[in-house]
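Visitor: Here are the chains, one letter per residue:
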Amino acid sequence: MLQFYLSMVNSGEDKALVEFLYNEYKQLMFKTAYAILRNRESAEDAVHDAFLRVINHLSKFRSYSCKENVSYLVIIVRGIALNMVSKSNWQAELDEETPDGLSVEDSVLSELAYEEIVENIKALSPALRDIAYLSFVENCSAGEISELLDMKINTVHSSISRARKILSRKHTENNQ
Amino acid sequence: MNNNQLIALALQNDFDAELAMYDGMPEHRFSLRFRRRMRKLLGGGVPEWETKRVPLRKAVNLAIITVILLAFLTGATLLIYKMWDKFQLHDVGKHSFLVALDIEGAPTTLEDKYRLGIDLSGYSENVLLDNEYEYLVEYHEVNGNRVLGFSQSIKDHYQGESCWINTENAMVMPTEIIVNGCKGLTFQTYHGINVLIWDCGDYVIYLSGYNIGQDELISTAETVQKVE
Numbered sequence: 009m010l011q012f013y014l015s016m017v018n019s020g021e022d023k024a025l026v027e028f029l030y031n032e033y034k035q036l037m038f039k040t041a042y043a044i045l046r047n048r049e050s051a052e053d054a055v056h057d058a059f060l061r062v063i064n065h066l067s068k069f070r071s072y073s074c075k076e077n078v079s080y081l082v083i084i085v086r087g088i089a090l091n092m093v094s095k096s097n098w099q100a101e102l103d104e105e106t107p108d109g110l111s112v113e114d115s116v117l118s119e120l121a122y123e124e125i126v127e128n129i130k131a132l133s134p135a136l137r138d139i140a141y142l143s144f145v146e147n148c149s150a151g152e153i154s155e156l157l158d159m160k161i162n163t164v165h166s167s168i169s170r171a172r173k174i175l176s177r178k179h180t181e182n183n184q
Numbered sequence: 052m053n054n055n056q057l058i059a060l061a062l063q064n065d066f067d068a069e070l071a072m073y074d075g076m077p078e079h080r081f082s083l084r085f086r087r088r089m090r091k092l093l094g095g096g097v098p099e100w101e102t103k104r105v106p107l108r109k110a111v112n113l114a115i116i117t118v119i120l121l122a123f124l125t126g127a128t129l130l131i132y133k134m135w136d137k138f139q140l141h142d143v144g145k146h147s148f149l150v151a152l153d154i155e156g157a158p159t160t161l162e163d164k165y166r167l168g169i170d171l172s173g174y175s176e177n178v179l180l181d182n183e184y185e186y187l188v189e190y191h192e193v194n195g196n197r198v199l200g201f202s203q204s205i206k207d208h209y210q211g212e213s214c215w216i217n218t219e220n221a222m223v224m225p226t227e228i229i230v231n232g233c234k235g236l237t238f239q240t241y242h243g244i245n246v247l248i249w250d251c252g253d254y255v256i257y258l259s260g261y262n263i264g265q266d267e268l269i270s271t272a273e274t275v276q277k278v279e
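In order, the protein sequence lines correspond to chains V and C. Position 174 of the first sequence, counted from 1, bears residue number 182 in our numbering, the numbering being contiguous throughout. Position 29 of the second sequence, counted from 1, bears residue number 80 in our numbering, the numbering being contiguous throughout.
By construction, these hints were calculated from the structure, which means they are not laboratory data. Keep in mind the model is a prediction, meaning the values are calculated, not measured. Honestly, I wouldn't trust all of these hints.
Said to hold, decoys possible - Over the 10 Å line for every Cβ pair with chain V, so calculated as not near, a few chain C residues:
id, residue
1, LEU70
2, VAL111
3, HIS141
4, GLU227
5, GLU273
Claimed, not checked - To be clear about the criterion: a stretch of chain C counts as covered by chain V if any three or more of its residues have a C-beta under 8 Å from a C-beta of chain V, and this derived list gives those stretches:
id, stretch
6, 53-66
7, 78-88
8, 168-179
Idealized CB from N, CA, C, for every residue including glycine.
Chain V extracted, bound-state conformation (with noise of 0.2 Å):
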């Protein structure tokens, strides 16, 4: 599998790109990793497997801005991270139905108030959260999300409805 991934950073562009990810982010990802797995080497191991992760899916990055890039490595080595604390936990929190079962259209979409949607992002989980900003501030669709988290699609779309209701939840709902 190694050798795959090498094959892939062969071209001097590639391997130049990913040289200036490595040296300019390595630190940003490690603290990320290590804010969820508190060990070192456990959080060395998900800058690694990012990096995997980054190299099989390098032409994205290639036409990504210095921030993009940033807010996907980030992302990507929390995604790693979290599934290494529990893989299982994180996906059956994804994959939990919400709890009203109102559709996104059935949730209150208007004259939401910027200080209600910053109190209900703290209503989201680490993995939810990701997919929102993903979703919505990079404007990334189901499938780009699905590759760059390797997660299932289905469960993206049912993971981006889930955190649009949340966001859009009304302050007395959430005092109720």
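Guided by the hints, dock chain C onto chain V, whose structure is given.
Guide: For chain C alone, kept in the frame of chain V given last:
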């Protein structure tokens, strides 16, 4: 601005705040195993110095020689940035590395514990490191947006180029400060995080505050004390 744009803005700000916190954390020294694996992964692309374990004293000497040489070649713009009684700060462009000077006789493991003496009941605690060399903890305000970072580490940790701090475009450049009679330095990062680092005698204490003013941070620093 519609809801999707508001959500995007809130998520972006939340994400930026998180990244800003990482800026205030000390840099990690990657293991030899990791660097070897990355070197293999990048097909030998990582510079050799990244993968070789160089003895500490040799690394310090190499760093000093390199800095002096570069300073000479570039018209002395890259010299030691600041030097105080207890610390040297080397500015290397994007970051600076901090070197503790007074390490003679300092413990090589954490024998005593130093902790914050303020009431932290409104904060959630997140211990990021707790080993024989370093203790690092973050306190996140439960009903607010304030974050305190605290670390106690052995002075050996601040040797060579192992301890990098983010001084790039710092809002307040590092200046000397005295905390509880101990000398240290303070600065404010580009993201507005106030940082205090001081030598408490046996150890180096690091305190950072997000959404916490420098005066309040200094008052907080003054509560740091040895605990049983």
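Visitor: Determine for every hint whether it applies to the structure shown.
Guide: Hints, verified against the model:
no.	hint	verdict
1	LEU70	violated (7 Å)
2	VAL111	holds (21 Å)
3	HIS141	holds (17 Å)
4	GLU227	holds (26 Å)
5	GLU273	holds (28 Å)
6	53-66	holds (count 12)
7	78-88	holds (count 7)
8	168-179	holds (count 3)
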